[in-house]
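Participant: Chain by chain, the residues:
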Amino acid sequence: MEILVCVKRVPAPGAKVPLSADSREIDTRHLGFTIGPHEECAVEEAVRLVAGHGGQVTVLAVGPPEAEEQLRYALAMGADRGVLVETGPAELDPEATAAAIAQAVHTVTDGAPPFDLVLFGDSSADAGHYQVGIRVAAELGLPIVGGIKGIEVGDGLRLRREVPDGAELYELPLPAAAAVREGLNLPRYPNLPGRLRARKASLRTIAFEPPVGGLRKLRLRQPADDRAETVLLGQGAAAAPAVVDVLEELGVV
Amino acid sequence: MLLTLIDGQEPAPNVLALAHSLDLPVEAVLHVTSDGADADDADDVAGHLTDELAKQGVATLHLIRHELLAGYAPEAFGEALAQLVAHLRPAAVLAAGTDRGTEIMAHAAARARLPLATNCVAVTGGDPWLLTRARGGGMLLEEAELTAPVKLATVAQGAAAPADAQAVDNCAVREFVPELLPELARTRVVERTAGRGGITLATAPVIVSGGRGVGSAEGYAVLEELAALLGGAVGCSRVATNNGWRPHSDQVGLTGTKVAPDLYIACGISGATQHWVGCTDSKAILAVNTDPEAPMVARATYAVIGDVHEVLPAVVAEIRARSS
Ligand SMILES: Cc1cc2nc3c(=O)[nH]c(=O)nc-3n(C[C@H](O)[C@H](O)[C@H](O)COP(=O)(O)OP(=O)(O)OC[C@H]3O[C@@H](n4cnc5c(N)ncnc54)[C@H](O)[C@@H]3O)c2cc1C
Ligand SMILES: Nc1ncnc2c1ncn2[C@@H]1O[C@H](COP(=O)(O)O)[C@@H](O)[C@H]1O
Numbered sequence: 350m351e352i353l354v355c356v357k358r359v360p361a362p363g364a365k366v367p368l369s370a371d372s373r374e375i376d377t378r379h380l381g382f383t384i385g386p387h388e389e390c391a392v393e394e395a396v397r398l399v400a401g402h403g404g405q406v407t408v409l410a411v412g413p414p415e416a417e418e419q420l421r422y423a424l425a426m427g428a429d430r431g432v433l434v435e436t437g438p439a440e441l442d443p444e445a446t447a448a449a450i451a452q453a454v455h456t457v458t459d460g461a462p463p464f465d466l467v468l469f470g471d472s473s474a475d476a477g478h479y480q481v482g483i484r485v486a487a488e489l490g491l492p493i494v495g496g497i498k499g500i501e502v503g504d505g506l507r508l509r510r511e512v513p514d515g516a517e518l519y520e521l522p523l524p525a526a527a528a529v530r531e532g533l534n535l536p537r538y539p540n541l542p543g544r545l546r547a548r549k550a551s552l553r554t555i556a557f558e559p560p561v562g563g564l565r566k567l568r569l570r571q572p573a574d575d576r577a578e579t580v581l582l583g584q585g586a587a588a589a590p591a592v593v594d595v596l597e598e599l600g601v602v
Numbered sequence: 438m439l440l441t442l443i444d445g446q447e448p449a450p451n452v453l454a455l456a457h458s459l460d461l462p463v464e465a466v467l468h469v470t471s472d473g474a475d476a477d478d479a480d481d482v483a484g485h486l487t488d489e490l491a492k493q494g495v496a497t498l499h500l501i502r503h504e505l506l507a508g509y510a511p512e513a514f515g516e517a518l519a520q521l522v523a524h525l526r527p528a529a530v531l532a533a534g535t536d537r538g539t540e541i542m543a544h545a546a547a548r549a550r551l552p553l554a555t556n557c558v559a560v561t562g563g564d565p566w567l568l569t570r571a572r573g574g575g576m577l578l579e580e581a582e583l584t585a586p587v588k589l590a591t592v593a594q595g596a597a598a599p600a601d602a603q604a605v606d607n608c609a610v611r612e613f614v615p616e617l618l619p620e621l622a623r624t625r626v627v628e629r630t631a632g633r634g635g636i637t638l639a640t641a642p643v644i645v646s647g648g649r650g651v652g653s654a655e656g657y658a659v660l661e662e663l664a665a666l667l668g669g670a671v672g673c674s675r676v677a678t679n680n681g682w683r684p685h686s687d688q689v690g691l692t693g694t695k696v697a698p699d700l701y702i703a704c705g706i707s708g709a710t711q712h713w714v715g716c717t718d719s720k721a722i723l724a725v726n727t728d729p730e731a732p733m734v735a736r737a738t739y740a741v742i743g744d745v746h747e748v749l750p751a752v753v754a755e756i757r758a759r760s761s
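So the sequences go chain by chain: A and B. So the first sequence is numbered by the working numbering: it starts at 350 and just counts up by one. So the second sequence is numbered by the working numbering: it starts at 438 and just counts up by one.
Keep in mind the hints are simulated off the structure, nothing from the lab. All residues carry an ideal CB built from backbone N, CA and C; glycine is no exception. Be aware that one or more of the hints could be misleading.
Stated by the list, open to error - In silico contact screen, one side only, chain B against chain A (beta carbon under 10 angstroms); selected entries:
(1) Gly484
(2) Gly534
(3) Ile722
Unchecked claim - With a Cα cut of at most 30 angstroms, we get these calculated DSSO-like pairs of lysine-lysine:
(4) A/Lys365 x B/Lys492
(5) B/Lys492 x A/Lys498
(6) A/Lys566 x B/Lys492
(7) A/Lys549 x B/Lys695
To be verified - According to the in silico footprint, chain A covers these stretches of chain B (three or more CB under 8 angstroms from chain A):
(8) 491–503
(9) 651–658
(10) 693–707
(11) 728–742
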């Protein structure tokens, strides 16, 4: 099976999300970067599927050159090849991102067997547009289902997702695409041999001039935080009566 | 004219509220099937809907009717909506930011080659639209410009208070039959299973949630005990999930579940933004943490400074003592 997994480099802020002086971007000078948890599960699933069915896992990121770090992380988890679609530092709109991915797929599969399965996260961890996977699938003519928490490969693809009142099962013919959610599996931490292999692996870089999309980010702002001062109920076990007073007041006990 | 997508049994109040704020006539659209018993159900639903829609100031309901729309088939639903949009040329289409609403809109947008702004909390009409959308599950708000011949957007859950719409006398039904290739039904639900029922994170009035500070899988026993006493559910942070202490279905936050109980008890959870966005809608939050400087303590309604494994057993004992 040839599997493609699309991963995005995103900042990993802690308790506060610092903004740049002009509020256009997150101030990432003191932040680490990561791939989103949904995408981590997509990489893990791809690596497991290939272990069971043979084939290769390709990971692809659209972004600045630094996104190499996230590709190498995915390689350390067990992916075989990395593709970086370099588009510069500015954040792309979802149409442009999808165009970049679709074009890169054509470039890397030129002459080679195309992908049997293309995996996405359900949403990117920072922008959360919930649509890049669907746009790419439409462009490539692949069926896609999102919110996936279970994947089985047989003649076709069996995909399971949770809905408010239960679960839905889909059966798709291959080749196909899926956008997955955290909880699909428990992703591994890359081990030392994996990290060494990933450090040496060569990445393919593709340049892309992104088209201008119709959704243009102007600025970012913190949501209002209008919670009142915290009421301290005490220290340790001695606080228990005060806690239960509050539970009674709130009518939950 | 502005179209609002109905992706369930009823129009979403927040979608209608935002739609009416844009000073355009508001119409609605619903996907139905023309197949067998499903079709009768669909006509029933449409009958009930028109009364409700008239009250909400919606004078036209467009029924997209096709046999391939039986059950649920995301690609076919999206393509059908894209065709209706091409036919009616509305100024905009709004849908609820539910899983299904978002999915249908994204398929429609991809097929109509239109941009889509998801999870909007406010929109100023005109051309382009100026809008505010929630990013990262609400970690940040983004102000953006949407330039498109037809503006597509989803409305964040909980955004926009229901407005008092001017009722209209009646809501007329118009049918639209799209041309759908059978191939589009390749993505279709083949089986549905019902949930387990019982108390879930989404419905529990109280959630006792634990993070790294709980220390181990066994450490959750006392959280389970407290949750049972309060008729609540147990939640957790991503650290607990990643350590294999709890199943992912218990995880609260950006990539877990967004919860809104009457009381959220955060035990040994630091309060990273990705966790905070999942519990911020709770009516009250009680933080139990050894660190008085923890962000969760600073933002909670109530806090106890101390070790989870000293505080919770004492609280459980106190509840038992008072009820006996
Ligand atoms: C893209 C992305 C998405 C994410 N999505 C989620 C998500 O959906 N949900 C989520 O939870 N996280 C999510 N995270 C992870 C998040 O950033 C934090 O790493 C995580 O929430 C921290 O979990 P924690 O609070 O349990 O652990 P820590 O941050 O390590 O905090 C542990 C806390 O426990 C306290 N403590 C220690 N011992 C005790 C004790 N004995 N008694 C009482 N208190 C004690 C400490 O003082 C500390 O405050 C995401 C991260 C990223 C980058
Ligand atoms: N810049 C990117 N590079 C690679 N994949 C991406 C990028 N942006 C989005 N994706 C993929 O598309 C999914 C949905 O993203 P979004 O539509 O932004 O919520 C993500 O989980 C990724 O799998």
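Participant: Does each hint fit the structure? Answer for all of them.
Facilitator: Against the structure, the hints:
| no. | hint | verdict |
| --- | --- | --- |
| 1 | Gly484 | violated, 23 angstroms |
| 2 | Gly534 | holds, 8 angstroms |
| 3 | Ile722 | holds, 8 angstroms |
| 4 | A/Lys365 x B/Lys492 | violated, 43 angstroms |
| 5 | B/Lys492 x A/Lys498 | violated, 39 angstroms |
| 6 | A/Lys566 x B/Lys492 | violated, 36 angstroms |
| 7 | A/Lys549 x B/Lys695 | violated, 40 angstroms |
| 8 | 491–503 | violated (count 0) |
| 9 | 651–658 | violated (count 0) |
| 10 | 693–707 | holds (count 4) |
| 11 | 728–742 | holds (count 10) |
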